[in-house]
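Colleague: Okay, here's what each chain looks like letter by letter:
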Amino acid sequence: MSAARIGFLSAAALLAARDLRLALRRAGDTLLPLGFFLVITTLFPLSLDPSLSLLRDIAPAALWVGALLSSLLALDLLFRDDGQDGTLEQLALCAQPFAGLLLAKTVVHWCLTGLPLVLVAPLAASALGAPNAAMPGILAGVLLGTIALSLIGAVGAGLTLTLRRNGSLLALLVLPLAVPVLIFGARATALSIAGASPAAPLYLLAAFAVFAATLAPWALAAAVRIGIE
Amino acid sequence: MNEIAADGLHLWRGEAHVLQGVTLSVSAGECLQVTGANGSGKTTLLRALCGLVPLEAGHVSWRGTDIRVDPEAFHGELAYLGHDNGLKGDLTSAENLHYAVGMRRRIGRHEIATALERCGVPAARGIPVRRLSAGQRRRVALARVLLTGAALWLLDEPGSNLDAAGHALLAELIAAHAGAGGLALVATHQALGLPAGAQRSVTLQALTGQGTAAREDRP
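Protein sequence lines correspond, in order, to chains A and D. Sequential numbering of the first sequence, starting at 48, is according to the numbering used here. Sequential numbering of the second sequence, starting at 401, is according to the numbering used here.
Just so you know, not all the hints are guaranteed correct.
Quick look at which bits of chain A chain D covers, simulated, 3 or more residues with Cβ under 8 Å [as the list claims (entries may be wrong)]:
1. 61-73
2. 128-137
Estimated spans, in silico, between C-beta atoms of each pair [what the hints assert, rightly or not]:
3. D:469 <-> A:64: 26 to 34 Å
4. A:167 <-> D:576: 49 to 57 Å
5. D:523 <-> A:167: 56 to 64 Å
6. D:454 <-> A:101: 30 to 38 Å
7. A:99 <-> D:454: 33 to 41 Å
8. D:580 <-> A:214: 25 to 33 Å
9. D:403 <-> A:166: 32 to 40 Å
Treat the hints as calculated values from the structure; they're not laboratory data. Remember, predicted model here, so these are calculated numbers, not experimental data. By construction, the Cβ of each residue, glycine as well, lies at the ideal position given by its N, Cα and C atoms.
With the rest of the complex left out, here is chain A (with noise of 0.2 Å):
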């Protein structure tokens, strides 16, 4: 039997291709934390006074807590499913490296949930008039600062997984980790927005992201296995 077994990129492309199928079936589900950061965004501009300065000054703010609100939304859709219906325990013991297949559900749920943010934030953030000059640092960061929060709020989603109530335990539990990447990924923006040079808060984001990605596999693995202990 073992001479059939299969490596574990195939299984973890295997993984992946299950996950966009079953969010392509519930698209539903899967756009709602983009919708969500849209309608926070736009929000913002109506309910002030459209002065261009003003909106400048509080476009970081906007775009910032609006992508940390919608992956702490989307979060919901990463483990819950597959540990209600005891998907979660077979692929525990389904002979691959526990901590890769997390990774690669978390790839793809940032994929689903964080790159479609990058995508629309260059459109928010002009909504929001920021120059057009400004869009590569925004982009930048939006993306580096995704990344990081999808692996932190993968963390924080295993540890709550048996929890019934989790949505508010596990914004205690998030929030505190991902103050890091708001503080420099607003700055990086506001940064780009003045005309400076955004390097710095982006090279922290960055740090932060690898950092992330390099710990959070092994935590998510010990913390998904206390929840389907």
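Chain D: place on chain A using the hints.
Modeller: Here is chain D on its own, set in the frame of chain A:
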């Protein structure tokens, strides 16, 4: 040597000492039925044997090696069917099996169709699992166990929601698996209906009203 052995398993669940020194072993070609009252720890025992629940004391060995040494090698030879079927409601039966089994070994469409037919649900192939009845879902889950091609089956109440024909099918599948040199540990209240001599059984017995130890039932 082809056997799973549990030695002196102790496990606590909060305040309750659920498993109190459970010792059992199953050798190739054998089916062990685990019985016991509700709450006596059958599910916990099976999950501990899988390695899903960490043990307080004792160890489980597979072919002479502790399962914690190389869990992936052990899981490669293990098929576990829990209370939950482990099927996605939004995927069809064939898709479910394609993904679940495909992550362990290469599998073709034809093989999936054959297994579903063997489990009596050939028509379920293209139907989302969400729209199947509870008994049909259990049969699809049994098809997954079958397709895994694992030597060791750990089945937790495999007959739940199954009709009379389903129970007969279950007995047939387990007998065929044991006949081919496989091992099965089945936690269930109902008689499995295996031919005499094909099966042993242990009862998880309450020791203190909270915990259990295994006692072999000799015919």
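Colleague: Now look at each hint and say whether the structure bears it out.
Modeller: Okay, the hints, checked on the actual structure:
With 8 residues having a beta carbon nearer than 8 Å to a beta carbon of chain D, the stretch 61-73 of chain A meets the requirement of three or more and the stated coverage holds. Residue count for the stretch 128-137 of chain A with a Cβ under 8 Å from a Cβ of chain D: 7. That meets the three needed, and the coverage hint holds. Judged by the Cβ atoms, the range 26 to 34 Å given for residue 469 of chain D and residue 64 of chain A holds: they are separated by roughly 32 Å. For the pair residue 167 of chain A and residue 576 of chain D, the supplied restraint of 49 to 57 Å holds, since their beta-carbon distance comes to about 55 Å.
Take residue 523 of chain D and residue 167 of chain A: their Cβ atoms lie about 43 Å apart, and the range 56 to 64 Å is violated. Checked against the hint of 30 to 38 Å, the C-beta distance between residue 454 of chain D and residue 101 of chain A comes to roughly 56 Å, which is inconsistent with it. Residue 99 of chain A and residue 454 of chain D have their C-beta atoms about 59 Å apart, which leaves the hinted 33 to 41 Å range violated. Evaluation of the 25 to 33 Å hint for residue 580 of chain D and residue 214 of chain A yields a failure: the beta carbon distance comes to about 48 Å.
Separated by about 55 Å at the C-beta atoms, residue 403 of chain D and residue 166 of chain A break the suggested range of 32 to 40 Å.
The structure shown violates the earlier hints numbered 5, 6, 7, 8, 9.
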